[in-house]
Amino acid sequence: MIKTKETLLAQVDRCSKCGACREVCPVFLAKGSEPYVARAKVQLAGAWLDGNLSPSRRLQELMGYCLLCKTCTHHCPNGVQVDRLVLAARAEAGPARRSLVRLAATGILPHPRRMWVAHGVFRLTQGTLTRLRPALQGLPQVPRKPFTQHYPAVLPVARPRRRVGYFLGCMIQYFWHRVGDAAIHVLREHDGEVVLLPGCCGMPAAAQGAAGIARQQAEMVVRQAEQARVEAVVTTCASCGLALAGYGDELSTPAARAFSQRVRDISAFLMETGLNRDLGVVETVVTYHDPCHLRRGQGVWQQPREILRCIPGVDLREMEQPDRCCGGSGTFAFSHPEVAAAIGGLKAEMAARTGAAVVATGCPSCQLQLAGVLDRAGQAVRVAHTVEILSQAYAARLTP
Amino acid sequence: MRDVLVKDLARLLGADRVISQVEDRLCYSYDGTYKTGIPRLVVKPGNTEQVAALVEFAYQREIPLVPRGAGTGLSGGSVPLADGVVVSLTALNRVVELDRVDMLAVVEAGVVTGSLHKAAEAVRLFYPPDPASSAVSTIGGNVAECAGGPRGLKYGVTRDYVLGLEVVLPDGRVINTGGRTIKNVTGYDLTRLITGSEGTLGIITRAVLRLLPLPEHKQTILADFLDLNAAATAITAILAEGIVPAALEIMDDVTIRCVEKHRSAGLPLDAAAILLMDLDGPRETVGQQLNRVGEICRRHGARNIRVAHSTGESAELWQARRAVSPALVQVKPTKISEDATVPRSQVPAMIRRLKEIAARHNLDIAIFGHAGDGNLHPNILVDRRNPAEMARAENAIAEIFEAALALGGTLSGEHGIGLLKRPYLKQEVGSAGMEYMTRLKQAFDPKGIMNPGKILGRCASDQN
Ligand SMILES: Cc1cc2nc3c(=O)[nH]c(=O)nc-3n(C[C@H](O)[C@H](O)[C@H](O)COP(=O)(O)OP(=O)(O)OC[C@H]3O[C@@H](n4cnc5c(N)ncnc54)[C@H](O)[C@@H]3O)c2cc1C
Ligand code: SF4
Ligand code: SF4
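One line per chain: the protein sequences are A and B, in this order.
Just so we're aligned, residue 29 is where the first sequence starts under the working numbering, counting upward by one.
Just so we're aligned, residue 47 is where the second sequence starts under the working numbering, counting upward by one.
Bound-form chain B, shown alone (with noise of 0.2 Å):
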């Protein structure tokens, strides 16, 4: 059966581009979360063209199809279910355009968010989406899980950049959504609703990405504080006074001292919370906005302020930050990292449920995120192999999204719902949004074949 469908994509596509053997497919059998399954084949297409005579193949034999770009999702969203055939996206890399007129980017989507980056830069210009993993991570999986990053808070995430999209359809048909316009109101809003889609609805093969003038500075501060609230009321007193923080991060006292314990970054033990922020801008601003986030931040009971005045000492401190994942590690083996999301003001109020959470059920939870817009991180560390505090940690997991809903927020700020938080969606969106949502899924995708079993649904084989 695997054989037939070899040589007939082989026919389609080219031999090279599909991948059929057990050892290579391994290697499409992981996100960056926890979970993981075999996909049945893996094909590469080439351009839009493969990609749509790909997908109209897919279509006529209800073949289930999943997209894939770096694979470092955070929800299991390029994760095959049994039987699917992953459709690896990198071959589309090309930055095809640059307008510096338009201020826009036309890319493939398997561009790597960094190389956007980059080549953005080399012209003054600025795409702000920065997921932590934007080193690597695509575009096209960036746009379908509208990911966010610690610049959220002051330039929106990845669905404020999002232009136009081209589209292959689940029937295999090519479409063209929004254009190269920021104003574009000309029907239903198809660009938004594809992005965030998590590969549910289409496959994504190009983006117009709007871009930014390159900010002309940028600057790094740190600030310990002994009491969380305090940090809490510095936040909200310096976006008061009309400062917003290009950057602003939190560690709470267990990443703290995990950090210190095994990467040692010269950080305080007895703090309760760190605050690190960015500012950017034209460099006089930039320099004054420093002063007085630095008032603020001693007027509201930091202990320490560090300023790093070159590059070179903002990269520094953002060490810290940076630790954090390597410090981890050494505690437990395994990660759980979630991104459930509340309002601002709730911050103080989500970190104390979380500290109540781990204590219930002795676990080890270091929380540290984007605190400027509530997309906190909490990460439950665990041992996979250990079944019982797996177990554990799948009832904080539940503890911790009903908090999130009760203070007014949602389950997922940026890694989107895949096949981690599926069980969670209804009680965010309730059954009437449970319902449209299907029926959208329905009208879009009525084979149900492009990347089933992810945010919605439960499918017959569905193993995992």
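Chain A with its partners taken away, still in its complex shape (with noise of 0.2 Å):
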């Protein structure tokens, strides 16, 4: 603990207070007062440390308005881990808040059996709950089964070139299967004998302040993967991917470190291991959004673009502004749904002004907040996976 208040303390020393991040976190814009800006929280988080500020209620709530979208660190002439700051004050700073939400990340998510048992009560409730919160719109309709219970947990190929583990992540496994059918499609396209890696990547729970219960997740991941012995571990969410390149960090044991180092966003595997260019066409106008996670997190933003440039049809026009965040951030829209609302309604107007018929990205907790506010701002546009419209393109060839 000595050890990190010292490295948090030199983050916030590196902060030289120059304000320059007003000009581009995007919940100060939405917000326009100083004490949700990312200078205030470095503040606030070295008065903490001092032990100049005792933890407090809205110590907590001034450190929850934060998308951990890494915008700020990115412009700061200092760069300042300012995500860091904020996990850290909300994992030790303060009396944990109840909410729904945290107990969801903490105490559900982490729990296969428990997360069954939610799944089924969301699964039968789902209309009722989007009508009460609309940052579910976007969600599609829930299936009844895990992903996991589709498949087999091997998916041989004919002529395997390697072993790939899948990790699934709460999002893949329980929502969007339209983006694992898609993703194992591709994989398969490219010869890879398919491993799948359910489980939680622990960062719902950290970004909650549960450092305690993420740390677990991640060792759970890592023993997983060890077992299913796998050349590479590929993400399609890029939150996931985040947190499993970081547990190499987090963890400091080789095992850990040796795991981080085979995570890769779906996207950049395919780039790096060589696209399969065999490709059927894809009529279509596509922009494509950022994720915090990849782009920032992971510097993965060349990948999808190739990618989609690729495939024959589609014309890829960029919106103002692509590395914005939507304003999702995982559990941000539920806990904060007018300030998501306000970011993500932005978000919308910079894709529809493109004339794009599909926004590509390549995270599921942006896909629910873009189309969300898409269909909120009355925009018919669809919103798809980098690997959705990839699939579709394997798929077109086969189709005469």
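Among these hints, one or two may not hold up.
Unchecked claim - SDA-like mimics (lysine to any residue), calculated; alpha carbons at most 20 Å apart, straight line:
hint, chain 1, residue 1, chain 2, residue 2
1, A, Lys45, B, Pro372
2, A, Lys45, B, Ala181
3, B, Lys200, B, Ala283
4, A, Lys45, B, Asn432
5, A, Lys45, B, Leu171
6, A, Lys59, B, Gly92
7, A, Lys59, B, Leu59
8, B, Lys378, A, Leu160
9, B, Lys401, B, Asp316
10, B, Lys200, B, Leu171
11, B, Lys307, A, Gly107
12, B, Lys307, A, Arg42
13, A, Lys33, B, Lys378
14, A, Lys59, B, Lys307
15, A, Lys59, B, Ser360
16, A, Lys45, B, Lys307
17, B, Lys378, A, Asp41
18, A, Lys45, B, Ile84
19, A, Lys59, B, Leu502
20, A, Lys45, A, Ser127
21, A, Lys59, B, Val64
22, A, Lys33, B, Arg349
23, B, Lys164, A, Glu348
24, A, Lys45, B, Val64
25, B, Lys378, B, Ser360
26, B, Lys378, B, Glu330
27, B, Lys378, A, Ala146
28, A, Lys173, A, Ala146
29, B, Lys487, B, Arg107
30, B, Lys378, A, Glu348
31, A, Lys59, B, Asp62
32, B, Lys307, A, Pro105
33, A, Lys45, B, Gln376
34, A, Lys45, B, Ala452
35, B, Lys164, B, Ser360
What the hints assert, rightly or not - Label pairs and their computed distance ranges (CB to CB):
hint, chain 1, residue 1, chain 2, residue 2, range
36, B, Asp410, A, Gly406, 56 to 62 Å
37, A, Arg337, B, His308, 31 to 37 Å
38, B, His308, A, Gly135, 41 to 47 Å
39, A, Thr35, B, Asp49, 38 to 44 Å
40, B, Gly312, A, Arg85, 47 to 53 Å
Hints listed in this document are in silico derivations from the structure and should not be mistaken for laboratory results.
Note that CB positions come from ideal geometry on N, CA and C, so glycine has one too.
Using the hints, build the complex out of the two chains.
Next comes the structure, spelled out in structure tokens:
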């Protein structure tokens, strides 16, 4: 803890209080007051770490107003890692807030059995819940069974070139089967023998300040991947990918380090191992939204665009500020619906202005948010994961 | 006590415009300096009437007020001293008018400078003052500090563009100074007096700003020199030929090495100085001037000259300048940015003295800034958690000011006096100057409620 306190204080000291983050922090731009900007979070964290501010409900509330989108860090002349300070403050500085979102992230997602029950309840009440919580609007009809029950644990291919672990994460396992189906289709198009890796990456728990639970999740995921003996661990969720890639530093064990080095976002994996360019035509106008945890989190932004440009018929049109956060940020859209809607509304406008029929992206959490805000803005624009469009292109080749 | 005040102010402005929780107040305790002070309360008035009502209320009860824009100031101007109530003006954020015939803009004090730049450029007009903080700083803060920027050499500073102001005086009355004309000599020039007054004479709520036609074209050129004097004579020669660059920035060897060590921008490590210049105007003229500037630099010993041929390439060259700040924090976490300014002819002498001061106090001082107008920014690199080093820095600062004054310069070119330079003011303006400034302040603000303790005087509760 002393060590971590030092490293955190070093981040605080890097902040020159220049205020440059006021130009870009989406939460600040939506709220318009200093306490919501990155600089304020850094100074609050500093006051707390220095013992000049005792943990309080209000401190937690202010720390809650963060998308963990890294926009500030990217723009900051001094590269202050504000999200790290926010997470640390959430974890250490306060009385636990009891809320449904926190309960879900820490008490349900990490436990497959509880999740299974919750999932069942959710499925039956999806209509009502969506009316109560507009943030759920973009979610597809919730499937009856978890994703892993639709497939064998290992999916063989005729001439396997590599054995790939596909880390599903909660979003694919319970909600976005169409993304999972597409990912498997695409991986098999690349002669990958696919091993399904279920589990929760721990990011939702960490974002809620439950660092201990997040750690346990991490240990479990690493162990599971070791047993599966895979060459690479592929993700279709930007936040899962970022969390997995961070296990090495987080757990500091050789196994975790080796694991994290093998983690790839699916678009990066495909470009790195050689994209199968035997593609059919998909005639459509696409614009691409950069998930924060993909572009700033993992440095992946060219690969999905390259993939889309390879597909015959796809007309890729960039929107203004494609890397501006959509406001979803996992659980943020549920805990802060108004701010999330304001940030998302801007995104919907920027996306729609390109005239695209499809917004492609690389994270189910963004998909959920984008589909919701586009719908509320009255825009008939579809949202799809990059691999869904790619899978469509492979399928188009087969049907004459 | 605070609770009663909260209630009264809430009645006056609306409950959502009064901020009282300590966590929130802490977020108004700082600016771009290392000074801090937690305000007693923060209020966010929404229009001039509310500002006036607030000030009248504060006047009656003698409550000190601290006007605040974006909080990017570099002299501690918006850092409250004990018991101050911060008046955040960012809710006054409308561009009220852009007049293409009279070529002026009417804006509220909380408008972000950069958004005025964009709004003006959209109609082919140009608001030249460009503090490096313009993407977030407010017009109110710019006027209150008389902000400058790289374009100062050719286009002047904020005061050269303020035609008129709407100001809430310390007793709550609202006046309009100046007007909408370039020429105006009616009575004392209160507009110029309020401009640069750092929130000590009143709260600016609105400004009428002069605009220019947007220059047709702009191009960037970068030259490096093995000798500092050579760079300085090149500057003089360029201006002597009648070419006034839109920006003329210098970086010294310490700065260059910091940038290269930590950020690698392709700068030559053995250079003693780098000059970075923008030329603007009609496309043809810019092209011709660019060639001449290149020639002059070469004639004066420039080794390499890089010319940007596109906006993208310009941005690349400016990247080196932008890399300075991030590179410096890699060396030491705390930067004390000074802006002592000297006549242009004394720039090399000043740089030499700064280097002597750095050596004498065993400090790292990186020097860069606006060489064209003599406004250098020596940055002392320290660790605020190291008291011995901070003490050495204090001594160095005193010597920097002495050096600037000895060379015929001034304590501050654009950051203002605020809290940080208050102890040195008398050295520059003298006893009579101090006395008249103090009388002026008293005439405006007899109860001393308007940003007390800044620029002038000391107040009893001054603990910072
Ligand atoms: C990275 C960086 C780069 C900078 N570059 C430059 C530069 O190139 N040139 C330059 O000149 N400055 C520069 N500055 C300093 C600073 O940005 C300017 O002084 C700017 O004008 C401050 O504006 P603000 O809105 O942040 O004001 P604040 O910092 O909030 O306030 C500054 C002063 O103005 C007063 N004030 C604010 N609003 C009002 C109002 N409406 N009425 C009356 N008083 C008011 C405050 O009381 C305070 O005294 C830089 C700062 C940073 C952090
Ligand atoms: S941009 Fe970075 S250094 Fe500047 S105030 Fe924000 S966090 Fe601090
Ligand atoms: S991570 Fe995003 S939301 Fe959080 S402070 Fe930084 S820019 Fe703002």
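Taking the hints in turn, this is what the structure says about them:
At roughly 13 Å between alpha-carbon atoms, Lys45 of chain A and Pro372 of chain B fall within 20 Å of each other, so this suggested pair holds. The suggested pairing of Lys45 of chain A with Ala181 of chain B holds, with an alpha-carbon distance near 14 Å, which does not exceed 20 Å. Between Lys200 of chain B and Ala283 of chain B the CA atoms are separated by roughly 16 Å; this keeps the pair inside 20 Å, and the hint holds. Distance restraint check for Lys45 of chain A and Asn432 of chain B: the Cα-Cα separation of roughly 19 Å lies within the 20 Å cut-off, and the hinted pair is therefore satisfied.
Only pairs whose Cα atoms come within 20 Å are accepted, and Lys45 of chain A paired with Leu171 of chain B is rejected, the gap being roughly 32 Å. The straight-line distance between the Cα atoms of Lys59 of chain A and Gly92 of chain B is roughly 15 Å, inside the 20 Å bound, and the hint therefore holds. A threshold of 20 Å between alpha carbons decides the hint, and for Lys59 of chain A with Leu59 of chain B the separation of about 19 Å falls inside it, so the pair holds. The suggested pairing of Lys378 of chain B with Leu160 of chain A is violated, with an alpha-carbon distance near 51 Å, which exceeds 20 Å.
Straight-line distance between C-alpha atoms of Lys401 of chain B and Asp316 of chain B comes to about 17 Å, which keeps the hinted pair within the 20 Å bound. Of the supplied pair hints, the one linking Lys200 of chain B and Leu171 of chain B holds, its CA atoms being roughly 17 Å apart against a limit of 20 Å. Annotation: proposed proximity of Lys307 of chain B to Gly107 of chain A holds, straight-line Cα distance about 16 Å (limit 20 Å). For the suggested pair Lys307 of chain B and Arg42 of chain A, the alpha carbons sit about 18 Å apart, so the restraint of at most 20 Å is met.
At most 20 Å may separate the alpha-carbon atoms for a hinted pair to count; Lys33 of chain A and Lys378 of chain B meet this at roughly 19 Å. A C-alpha spacing of about 39 Å is found between Lys59 of chain A and Lys307 of chain B, which places the hinted pair above 20 Å, so the restraint is violated. Distance restraint check for Lys59 of chain A and Ser360 of chain B: the Cα-Cα separation of roughly 34 Å exceeds the 20 Å cut-off, and the hinted pair is therefore not satisfied. Pair hint Lys45 of chain A plus Lys307 of chain B does not hold up; C-alpha atoms about 24 Å apart against a cutoff of 20 Å.
For the hint pairing Lys378 of chain B with Asp41 of chain A, the CA-to-CA distance comes to about 9 Å; that is within 20 Å, so the pair holds. With a C-alpha separation of about 15 Å, the suggested pair Lys45 of chain A and Ile84 of chain B falls inside the 20 Å cut-off, and the hint holds. Restraint check: the Cα-Cα separation between Lys59 of chain A and Leu502 of chain B comes to about 35 Å, which exceeds 20 Å; the hinted pair is violated. With a C-alpha separation of about 33 Å, the suggested pairing of Lys45 of chain A with Ser127 of chain A is violated against the 20 Å cut-off.
Between the alpha carbons of Lys59 of chain A and Val64 of chain B the distance comes to roughly 15 Å, so the proposed pair stays at or under 20 Å and holds. Proximity of Lys33 of chain A to Arg349 of chain B is assessed by CA-CA distance (about 48 Å); at most 20 Å being required, the pair is judged violated. For the suggested pair Lys164 of chain B and Glu348 of chain A, the alpha carbons sit about 16 Å apart, so the restraint of at most 20 Å is met. For the suggested pair Lys45 of chain A and Val64 of chain B, the alpha carbons sit about 24 Å apart, so the restraint of at most 20 Å is broken.
At roughly 29 Å between alpha-carbon atoms, Lys378 of chain B and Ser360 of chain B are farther apart than 20 Å, so this suggested pair is violated. Restraint check for Lys378 of chain B and Glu330 of chain B: the C-alpha separation of about 45 Å exceeds 20 Å, so the hint is violated. A threshold of 20 Å between alpha carbons decides the hint, and for Lys378 of chain B with Ala146 of chain A the separation of about 51 Å lies outside it, so the pair is violated. At most 20 Å may separate the alpha-carbon atoms for a hinted pair to count; Lys173 of chain A and Ala146 of chain A meet this at roughly 12 Å.
Taken as a hint, the Lys487 of chain B and Arg107 of chain B pair is honoured in the structure, with Cα atoms around 19 Å apart against an allowance of 20 Å. The straight-line distance between the Cα atoms of Lys378 of chain B and Glu348 of chain A is roughly 37 Å, outside the 20 Å bound, and the hint therefore fails. For the given pair, Lys59 of chain A sits about 13 Å from Asp62 of chain B by alpha-carbon distance, which is consistent with the 20 Å threshold. For the proposed pair Lys307 of chain B and Pro105 of chain A, the alpha carbon gap of about 16 Å is at most 20 Å, so the pair holds.
Proposed proximity of Lys45 of chain A and Gln376 of chain B is supported: the alpha carbons are some 16 Å apart, at most 20 Å. For the given pair, Lys45 of chain A sits about 32 Å from Ala452 of chain B by alpha-carbon distance, which is inconsistent with the 20 Å threshold. Distance hint between Lys164 of chain B and Ser360 of chain B is fulfilled; the C-alpha atoms sit about 19 Å from each other, no more than 20 Å. Between Asp410 of chain B and Gly406 of chain A the beta carbons are some 58 Å apart, a value that agrees with the proposed interval 56 to 62 Å.
Checked against the hint of 31 to 37 Å, the C-beta distance between Arg337 of chain A and His308 of chain B comes to roughly 35 Å, which is consistent with it. A C-beta distance of roughly 45 Å is found between His308 of chain B and Gly135 of chain A, which places it inside the suggested range of 41 to 47 Å. Thr35 of chain A and Asp49 of chain B have their C-beta atoms about 40 Å apart, which keeps the hinted 38 to 44 Å range intact. Separated by about 50 Å at the C-beta atoms, Gly312 of chain B and Arg85 of chain A satisfy the suggested range of 47 to 53 Å.
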